[in-house]
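Student: Input sequences plus hints: build the corresponding full structure.
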Amino acid sequence: MEMTVKTKNDMNDVPDSDDENIVTAECLSKEFGNFTAVRSIDLRVKEGNIYGLLGPNGAGKTTTIRMLTTLLTPTTGKITIAGCKLPAEIAEARRSIGVVQQQMSLDRDLTVADNIFQHGIQHRMSFKEVRERSKTVAESLGLMPFYKKKVDDLSGGWKRKTAIACSLVHRPRILFLDEPTAGLDTQSRYMLWDLVRYLRDTGTTIFITTHYIEEAENLCDRVAIMNKGKVVAEGAPAELCNQLGEFTVEYNGNDHKRIYRYFRDKQSAKIFSDTLTDALSVSVRPICLEDFFLEKTGRIEFKAGNGDDTI
Amino acid sequence: MMVWDILTGAGRMAWSDFRFLQYNFIPVVVSTLITPLLYFLAFGYGLGKDVVIGDVDYIAYVIPGIIALSTVTSCFMLTAHKIQVQRVFYASFDEVLLCPITYPSIFLGKTAVGLFKGFLCGTILCIMGVLMSPDFHVTFGLIAMMALSSLTFSLLGVLAAFATNAITTMNVFNSLVIIPMTFLCGTLFPVESLPTAAQYAVDILPLTHVSECMRACALGYDFPWISSAVVIGFAALFYTIAWLYLKKGKV
Numbered sequence: 000m001e002m003t004v005k006t007k008n009d010m011n012d013v014p015d016s017d018d019e020n021i022v023t024a025e026c027l028s029k030e031f032g033n034f035t036a037v038r039s040i041d042l043r044v045k046e047g048n049i050y051g052l053l054g055p056n057g058a059g060k061t062t063t064i065r066m067l068t069t070l071l072t073p074t075t076g077k078i079t080i081a082g083c084k085l086p087a088e089i090a091e092a093r094r095s096i097g098v099v100q101q102q103m104s105l106d107r108d109l110t111v112a113d114n115i116f117q118h119g120i121q122h123r124m125s126f127k128e129v130r131e132r133s134k135t136v137a138e139s140l141g142l143m144p145f146y147k148k149k150v151d152d153l154s155g156g157w158k159r160k161t162a163i164a165c166s167l168v169h170r171p172r173i174l175f176l177d178e179p180t181a182g183l184d185t186q187s188r189y190m191l192w193d194l195v196r197y198l199r200d201t202g203t204t205i206f207i208t209t210h211y212i213e214e215a216e217n218l219c220d221r222v223a224i225m226n227k228g229k230v231v232a233e234g235a236p237a238e239l240c241n242q243l244g245e246f247t248v249e250y251n252g253n254d255h256k257r258i259y260r261y262f263r264d265k266q267s268a269k270i271f272s273d274t275l276t277d278a279l280s281v282s283v284r285p286i287c288l289e290d291f292f293l294e295k296t297g298r299i300e301f302k303a304g305n306g307d308d309t310i
Numbered sequence: 000m001m002v003w004d005i006l007t008g009a010g011r012m013a014w015s016d017f018r019f020l021q022y023n024f025i026p027v028v029v030s031t032l033i034t035p036l037l038y039f040l041a042f043g044y045g046l047g048k049d050v051v052i053g054d055v056d057y058i059a060y061v062i063p064g065i066i067a068l069s070t071v072t073s074c075f076m077l078t079a080h081k082i083q084v085q086r087v088f089y090a091s092f093d094e095v096l097l098c099p100i101t102y103p104s105i106f107l108g109k110t111a112v113g114l115f116k117g118f119l120c121g122t123i124l125c126i127m128g129v130l131m132s133p134d135f136h137v138t139f140g141l142i143a144m145m146a147l148s149s150l151t152f153s154l155l156g157v158l159a160a161f162a163t164n165a166i167t168t169m170n171v172f173n174s175l176v177i178i179p180m181t182f183l184c185g186t187l188f189p190v191e192s193l194p195t196a197a198q199y200a201v202d203i204l205p206l207t208h209v210s211e212c213m214r215a216c217a218l219g220y221d222f223p224w225i226s227s228a229v230v231i232g233f234a235a236l237f238y239t240i241a242w243l244y245l246k247k248g249k250v
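Taken in order, these protein sequences are the chains called R and P. According to numbering that gives the first Met the number 0, the stretch in the first sequence is residues 0 to 310, in order. According to numbering that gives the first Met the number 0, the stretch in the second sequence is residues 0 to 250, in order.
It is worth saying that the hints were derived from the structure and are not from the lab. Note that the coordinates shown come from a computational prediction; the quantities given were computed from them, not determined experimentally. Virtual Cβ for every residue (Gly too), placed ideally from N, Cα, C. Check the hints yourself; a few may be wrong.
Facing chain R, a subset of chain P residues (Cβ under 8 Å, in silico) [said to hold, decoys possible]:
#1 R11
#2 F19
#3 D49
#4 I52
#5 Q85
#6 A90
#7 D93
#8 L97
#9 P99
#10 I100
#11 M127
#12 W242
#13 Y244
#14 G248
Tutor: This is the structure:
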């Protein structure tokens, strides 16, 4: 049984009451002059979840996270963070959130300890409290061996951990992570995934943006997929994959173009793949979130040119 | 209570800048003092050895000018550099904006390190000035003017760092505004020596008024109240424009 992909925009099947949602955004838009970066999106994030915002480059993820973290004022729409309405209760909302930005926002001239301490005092914690809390956070993230080292001397993964430690020092209820594993090696990525799960399990809600689909599939309880400023799909990763089916037949046609067909069961997929006698290559595999993501956001075809030259 | 909140907020905001200064104290101070020392030697003892301006030796005339130009450039440079690096390269200025701290605290906190450096530089140069010329006096007015000018130019540093997104733009601002101002605004020679049109031009720049005030305080001339009001006006102007940048989310 071949499956077709749903194309309707409103896949938000999140009927949760606002009491359960720690982040809500309604009809959120952002315009920069004539350019609309975010187009009337709705988001609801349940407390204690890891929520992923996925999308290709330029989809509007960073603009969305900057609006949710009070760094950008929306052109239209309403945001509520931990029960605080923006912009009226912005100071209260800021106390509830921790943010790790794509660029990490660390003062690289200072040590790990200084950076964590600085974040604490800027959030109006007492010097005594922040001194104790800095050590606790650094210990739980395994940062103690680097505590007195300058941030500039650390590797990318440890810098990212330091940024997360900074964002946790004032005990936020929600942690926003903007592309936390961009540019990290595999070991550091896995280390950060474990950390994110640990934070979720210890009661922090995580809002994460990424363009690594594997990351979202591994980590997130729910994801929203953004494309060209809109949320084009929302749900648990398994639910979204299920909209396509269970198995993918991926094959190369005579023109080298890759083609994907989705099926509810393995047998149907196998029967279809057996008919592809002219295909250059055929594979049958379970559907993953990446398939769904690409169906929703579109694929970019590679064109090698007209012919004689090789790359 | 509100004033206390602003001051404590400013202290929290300034902590990291002072930590940086603590780690880099000697290089920062040495780099600040080299240029004024060269000015003292070149203009005070070299070119102006036998020159008398008004009723004082050139060395006595030039010391307040050098103090003025050194304090304002050192506090401008440090404030602008620190904020621009935090904004553009480290993206750590966003963390400042995410904190529950008021705008006055942000401004006061971010100008504090510039104020400190300007004051430190001015104090060392004042001590040297007293040793170099008997006509030069350290007065309360001179110290107050050092504080006011350091605050004004630190605020200009904040504004310049908010308004520029690249090191090259900041360099252009330095070359077109700060460096000409340090030479032409009555620091090393009287403004009256300039052509009339140039006199009008330098009269609208804040350093001209800072030099006049400092010279009057150090050499015992009548205090130019209007000039001091102009400097306060510039401080208010820089604060307001920088505040608008923050308010409109352009930082």
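Student: Indicate, hint by hint, whether the structure satisfies it.
Tutor: For each hint, the structure was consulted:
1. R11: Holds, about 5 Å.
2. F19: Where the cut-off is 8 Å and the nearest Cβ of chain R is about 5 Å from F19 of chain P, the hint holds.
3. D49: 47 Å, violated
4. I52: 43 Å, violated
5. Q85: 7 Å, holds
6. A90: Constraint on A90 of chain P satisfied, holds at 4 Å.
7. D93: Constraint on D93 of chain P satisfied, holds at 6 Å.
8. L97: At 6 Å from the nearest chain R Cβ, L97 of chain P passes the 8 Å test, so the hint holds.
9. P99: Hint on P99 of chain P: holds, closest Cβ of chain R at ~4 Å, below 8 Å.
10. I100: Holds: closest Cβ of chain R sits about 6 Å from I100 of chain P, inside 8 Å.
11. M127: 30 Å, violated
12. W242: Status violated, d = 16 Å.
13. Y244: Check failed: Cβ of Y244 of chain P comes no nearer than 14 Å to chain R, outside 8 Å.
14. G248: With a closest approach of 6 Å, the G248 of chain P hint holds.
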